[in-house]
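**Q** Sequence:
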Amino acid sequence: EYLKDLARDNAQLLINQIFKRAGLETEIVNDSVVTELPEKKYDDVFVQPREKPIPKKSAQTKWEAFATLKGINAKKKKSRMVWCEITNSWKPRWGYMRAEKASQLNKNGESKDWIRVIKPHEDPNVDPWEKEKTEKKERVAKNEHARLKNVARQKGMNNAKRQQDKNELRDSFRKAKFSTASLGNFDEAVAGEKKEKIGGKKKYNALFSKDADNESKQILDLMSAKNPKFNKNAAADKVLNFEKKKAAGKVQKRNSHLKADGKSRKGKPTGNKVANRRQR
Numbered sequence: 648e649y650l651k652d653l654a655r656d657n658a659q660l661l662i663n664q665i666f667k668r669a670g671l672e673t674e675i676v677n678d679s680v681v682t683e684l685p686e687k688k689y690d691d692v693f694v695q696p697r698e699k700p701i702p703k704k705s706a707q708t709k710w711e712a713f714a715t716l717k718g719i720n721a722k723k724k725k726s727r728m729v730w731c732e733i734t735n736s737w738k739p740r741w742g743y744m745r746a747e748k749a750s751q752l753n754k755n756g757e758s759k760d761w762i763r764v765i766k767p768h769e770d771p772n773v774d775p776w777e778k779e780k781t782e783k784k785e786r787v788a789k790n791e792h793a794r795l796k797n798v799a800r801q802k803g804m805n806n807a808k809r810q811q812d813k814n815e816l817r818d819s820f821r822k823a824k825f826s827t828a829s830l831g832n833f834d835e836a837v838a839g840e841k842k843e844k845i846g847g848k849k850k851y852n853a854l855f856s857k858d859a860d861n862e863s864k865q866i867l868d869l870m871s872a873k874n875p876k877f878n879k880n881a882a883a884d885k886v887l888n889f890e891k892k893k894a895a896g897k898v899q900k901r902n903s904h905l906k907a908d909g910k911s912r913k914g915k916p917t918g919n920k921v922a923n924r925r926q927r
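Here my numbering is used: the first residue of the sequence shown is 648, the next is one more, and so on.
There could be a bad hint or two in this list.
As a list, the in silico DSS-like pairs of lysine-lysine whose alpha-carbon atoms are at most 25 Å apart [said to hold, decoys possible]:
no., residue 1, residue 2
1, Lys709, Lys783
2, Lys784, Lys725
3, Lys879, Lys864
4, Lys783, Lys824
These are computed hints drawn from the structure, not numbers from a lab.
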């Protein structure tokens, strides 16, 4: 009691000093001391700057931008706390210990949602309460996915996948098909799909045959001959095949910077292209 009286007296002294130094006129209204405060003046007052910058206006979500464009009135955010008519107190709108409406409770305060009517087109073996919970979880997950997409778009992140050309799609399809245990032999064929060769059987030369004897004799003749015979036709064929393969490799390197539609890719020329120019 002593501390209470001391605190009241000190508070009264503090208020009296404020009124006295500010030169405020006081009057008694309904047994209370009342004063009229002066208007605010910033001439002789030091305005302290902000510690942090003014918060920026948050970017609009995809739905807010669409609503603004179409002139749709945005719904106001619902308050978290609501008045419960049963307990006559404030309770959360959602979640644990949420407020129940009077129409959803019976006279004993128990929930009326203990029985559900199954419509003709609904499955009678499905639990309607579990189905309702599952649908709610799906809606929450969908909203969270949309929120993350809005955040990514606001930060300038582009999650769009690059479109694959025809050759890349064909290669991906072939790899996926041959990834099965049967290498795609028992998979359903797509309409218009060409049958691709997985690989031929390896041929082995017979150990005991006329061809094997002839090959062995030819090898022995070459090893024992002092001046081995020079086959001009075989050498010419090898040179021609080598030139053809070399030319085909040049064409392939020259066209490596082109897309499937024939247009040039953007960027600097590759090292192969520079090497080809030097060879020319």
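**Q** Could you tell me which of the hints above the structure violates, numbers in ascending order?
**A** 4
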